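Sequence lines, in order, name chains A and B.
Those letters in the first sequence? Residues 1 to 353, per this note's numbering, in order.
Those letters in the second sequence? Residues 1 to 347, per this note's numbering, in order.
Don't read these hints as lab results, they were simulated from the structure.
No experiment lies behind these values; they were computed from the predicted model shown.
Mixed in with the good hints there might be a few duds.
Claimed, not checked - The calculated label-pair distances, taken between Cβ atoms and stated as ranges, are:
#1 B:306 / A:122: 49 to 59 Å
#2 A:270 / B:256: 50 to 60 Å
#3 B:256 / A:286: 25 to 35 Å
#4 A:294 / B:140: 29 to 39 Å
#5 B:336 / A:111: 18 to 28 Å
#6 A:208 / B:256: 37 to 47 Å
#7 A:317 / B:38: 30 to 40 Å
#8 A:322 / B:24: 30 to 40 Å
#9 A:270 / B:306: 16 to 26 Å
#10 B:64 / A:324: 21 to 31 Å
Stated by the list, open to error - Under the rule of at most 30 Å between Cα atoms (straight-line distance), these lysine-lysine pairs were calculated in the DSSO-like manner:
#11 B:279 / A:270
#12 A:220 / B:279
#13 A:301 / A:220
#14 B:21 / B:46
#15 B:45 / B:67
#16 A:270 / A:349
Said to hold, decoys possible - If you want the ones that stay clear, here's a sample from chain A, every Cβ over 10 Å from chain B, calculated:
#17 95
#18 108
#19 176
#20 179
#21 180
#22 183
We put the CB at the ideal spot given by N, CA and C, even for glycine.
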Amino acid sequence: MADAEIIRLDSRTRAGRTGPSRAGARVRCRATTSSGRPCRNYATAGTGYCSVHTPSVGATSRSVEAAPESPAATPRNREEETGIENFLRRRLTGNYPIDDFGYDPELYREVLLPLTRLLYERYFRVRTLGVERIPDTGPALVVGNHSGTVALDAVIAQYAVATEHPNRRVIRNIGADLVYQLPVIGPLARKGGAAVATEEDAQELLRRGELVGVYPEGYKGVGKGWRERYKLQRFGRGGFMETALRTRVPIIPVAIVGAEEAFPMIGNAKWLARTLGTPYFPITPTFPWLGPLGLLPLPSKWIIEFGSPIPVDDYPEDAAEDAMLVFDLADRVRDTIQQMLYSLLQQRKGAFF
Amino acid sequence: MAGRRVLITGVSRFLGLRLAKRLEQDDEVELVVGVDLEEPPLPIKKLDFVRVDIRNPLIARVLETTKVDTLVHTNIFSSPGRLGGRSQMKENNVIGTMQLLAAAQRAERLERVVMKSSTAVYGSGAGEPSLLPEDHASRQVELSGYGKDCAEAEQYARDYGRRRPEVDLVILRTQNVVGPTVSTSMTDYLSLPMMPTALGFDPRLQFLHEQDAVEALYTALKSESTGIYNIAGDGVVYLSQAIRMLGKVEVPILLPAAQTAASLLRRFGVIDFPTDQLKLMLFGRIVDTRRVKERLGFTPRYSTTETLTDFRDHRGRDELPEPNLRPTWERELFEYLRQRNEQRQTV
Numbered sequence: 001m002a003d004a005e006i007i008r009l010d011s012r013t014r015a016g017r018t019g020p021s022r023a024g025a026r027v028r029c030r031a032t033t034s035s036g037r038p039c040r041n042y043a044t045a046g047t048g049y050c051s052v053h054t055p056s057v058g059a060t061s062r063s064v065e066a067a068p069e070s071p072a073a074t075p076r077n078r079e080e081e082t083g084i085e086n087f088l089r090r091r092l093t094g095n096y097p098i099d100d101f102g103y104d105p106e107l108y109r110e111v112l113l114p115l116t117r118l119l120y121e122r123y124f125r126v127r128t129l130g131v132e133r134i135p136d137t138g139p140a141l142v143v144g145n146h147s148g149t150v151a152l153d154a155v156i157a158q159y160a161v162a163t164e165h166p167n168r169r170v171i172r173n174i175g176a177d178l179v180y181q182l183p184v185i186g187p188l189a190r191k192g193g194a195a196v197a198t199e200e201d202a203q204e205l206l207r208r209g210e211l212v213g214v215y216p217e218g219y220k221g222v223g224k225g226w227r228e229r230y231k232l233q234r235f236g237r238g239g240f241m242e243t244a245l246r247t248r249v250p251i252i253p254v255a256i257v258g259a260e261e262a263f264p265m266i267g268n269a270k271w272l273a274r275t276l277g278t279p280y281f282p283i284t285p286t287f288p289w290l291g292p293l294g295l296l297p298l299p300s301k302w303i304i305e306f307g308s309p310i311p312v313d314d315y316p317e318d319a320a321e322d323a324m325l326v327f328d329l330a331d332r333v334r335d336t337i338q339q340m341l342y343s344l345l346q347q348r349k350g351a352f353f
Numbered sequence: 001m002a003g004r005r006v007l008i009t010g011v012s013r014f015l016g017l018r019l020a021k022r023l024e025q026d027d028e029v030e031l032v033v034g035v036d037l038e039e040p041p042l043p044i045k046k047l048d049f050v051r052v053d054i055r056n057p058l059i060a061r062v063l064e065t066t067k068v069d070t071l072v073h074t075n076i077f078s079s080p081g082r083l084g085g086r087s088q089m090k091e092n093n094v095i096g097t098m099q100l101l102a103a104a105q106r107a108e109r110l111e112r113v114v115m116k117s118s119t120a121v122y123g124s125g126a127g128e129p130s131l132l133p134e135d136h137a138s139r140q141v142e143l144s145g146y147g148k149d150c151a152e153a154e155q156y157a158r159d160y161g162r163r164r165p166e167v168d169l170v171i172l173r174t175q176n177v178v179g180p181t182v183s184t185s186m187t188d189y190l191s192l193p194m195m196p197t198a199l200g201f202d203p204r205l206q207f208l209h210e211q212d213a214v215e216a217l218y219t220a221l222k223s224e225s226t227g228i229y230n231i232a233g234d235g236v237v238y239l240s241q242a243i244r245m246l247g248k249v250e251v252p253i254l255l256p257a258a259q260t261a262a263s264l265l266r267r268f269g270v271i272d273f274p275t276d277q278l279k280l281m282l283f284g285r286i287v288d289t290r291r292v293k294e295r296l297g298f299t300p301r302y303s304t305t306e307t308l309t310d311f312r313d314h315r316g317r318d319e320l321p322e323p324n325l326r327p328t329w330e331r332e333l334f335e336y337l338r339q340r341n342e343q344r345q346t347v
């Protein structure tokens, strides 16, 4: 988008990213946040400011600048906050809030998101569709297809919503216990907003009005062979459907295309998996042949599509107890995602371009 | 219920002693009978001290003759240190509780039993819910040591509750108690100038302030509610965050070595950190405290981070590491940040 209008040096307009979901280059808000960084929200039409920073009539510019960027910003940092210095100071003194599940909003926004940006924008050149179908507030269960040997798809889908959704919501992914047994990865997943794949965690997050991400295929999805790419596996035991019915939250299907080609699993060394105690041991064109270098994903082109929310309000209160109904509904969600996958695959020109 | 007569086991230990002290000011309580092996370190009004082991059948006589209506059992040890070995600890915790409750079954006047258990009964595991509710029973986590003792003691308490349904039974599962004066394996750990951690792991932790622990016991004693309750401060901290807040230095150790390090520290008496608690340092253990707020009306005064800062302000100061223990880059960075701040203020 060459026609991106530059308003001020510090209001970064993001040119160069295209996609049908972004009809034109959108202008970032002109305000500076309380922590001294330029506000990264999109500006509302005509004002140059986002909805948080829109100056109300009679308000001084001071109050605009003092508007908090997020509720997580601690009031304790009264002293002038200037970007990186205060970030470091907070990190080094432990003065930052986390929620009960271990989500660390500051670390996520300031460190993990910028790291993922490279993968998202440059490497996989993700095209995200239908992100506006995710409700602005309130709980919802995001259900997606799981693929690509390592669960990178969950991270990328989370990034898509955290940056492209108007409210920049953070999907709270639900990860299997294996994730939390791993050093480094486990704590990092938690800090990035993930929780444990248990009914308690999913229900509690939904009760708190969060957007919860589940990949019901689990290991079967990520650990399936190349020949079965984009073929949805069994949707677990329908636990996600029970949770949706119990908490009466809508299901948002999401189809992710591209993760299969990023780590094409051409073989599975079952004896090694047994020895290591993992659900599978992937063999890809580069792994384990190239050693750690083989862990680098192939630069496939990704498309993510969020579907329309599927409401569950119409079912009776005790619908979650009706096992047949639960399986039936879970299958319908599965079919929806499968159809979305097929149509995306038809649309795309090639796996890597 | 005026003229209450309360028997406290473990009265010479931290919680028992504080509870007895708390009951001094309560006019409803007429008599406190304290049971322990050592004499309480400070004099307490209304307290009749009886030196008796809870495993001794004599405890039945004490319960009978003192005509107590409330039994508060705080005598479950979290570490073997002072008892001289794990088997002694288990003997006291499990067999002690069994004998005590057997004696209590005969005590006709008993109306209320409050037992202090621990959140250790949940164990720790990678696949456990992030917020453990009271009725969660894990199929995956294998308990050992303190957690197993507590779980077994709770089982005896539940059996007792079944046999004496007219007696109100309350079990409090307290989270790691931390505070200015209490001494536990957790406070020992938090007092180390350089804190060993397992490399690549960063558990979420939750603390209970010592005053809140006493207050929770007191509330349970006074209330009419029954059941099992988790007791913990609000909010959680990461271990790495806690270390930062205390101004300590983190020493990450490779996992297989961590086990050895823990047992070495214990052997040399630096800290009394039970090795079975090592899993806690990998996966953490956070409990859901909604039930106690709703049914007992108990809300801790200190949150997890407030507990930690209170601990730091009272205890941490003289235990802070020498400034030169910190890595050079970090000192330089702090110095740089300080200078920048001053410059800005003068401009």
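Here is what the structure says about each hint:
{"no.": "1", "hint": "B:306 / A:122: 49 to 59 Å", "verdict": "44 Å, violated"}
{"no.": "2", "hint": "A:270 / B:256: 50 to 60 Å", "verdict": "26 Å, violated"}
{"no.": "3", "hint": "B:256 / A:286: 25 to 35 Å", "verdict": "30 Å, holds"}
{"no.": "4", "hint": "A:294 / B:140: 29 to 39 Å", "verdict": "32 Å, holds"}
{"no.": "5", "hint": "B:336 / A:111: 18 to 28 Å", "verdict": "20 Å, holds"}
{"no.": "6", "hint": "A:208 / B:256: 37 to 47 Å", "verdict": "38 Å, holds"}
{"no.": "7", "hint": "A:317 / B:38: 30 to 40 Å", "verdict": "57 Å, violated"}
{"no.": "8", "hint": "A:322 / B:24: 30 to 40 Å", "verdict": "58 Å, violated"}
{"no.": "9", "hint": "A:270 / B:306: 16 to 26 Å", "verdict": "51 Å, violated"}
{"no.": "10", "hint": "B:64 / A:324: 21 to 31 Å", "verdict": "60 Å, violated"}
{"no.": "11", "hint": "B:279 / A:270", "verdict": "29 Å, holds"}
{"no.": "12", "hint": "A:220 / B:279", "verdict": "28 Å, holds"}
{"no.": "13", "hint": "A:301 / A:220", "verdict": "23 Å, holds"}
{"no.": "14", "hint": "B:21 / B:46", "verdict": "9 Å, holds"}
{"no.": "15", "hint": "B:45 / B:67", "verdict": "18 Å, holds"}
{"no.": "16", "hint": "A:270 / A:349", "verdict": "34 Å, violated"}
{"no.": "17", "hint": "95", "verdict": "7 Å, violated"}
{"no.": "18", "hint": "108", "verdict": "14 Å, holds"}
{"no.": "19", "hint": "176", "verdict": "7 Å, violated"}
{"no.": "20", "hint": "179", "verdict": "8 Å, violated"}
{"no.": "21", "hint": "180", "verdict": "4 Å, violated"}
{"no.": "22", "hint": "183", "verdict": "3 Å, violated"}
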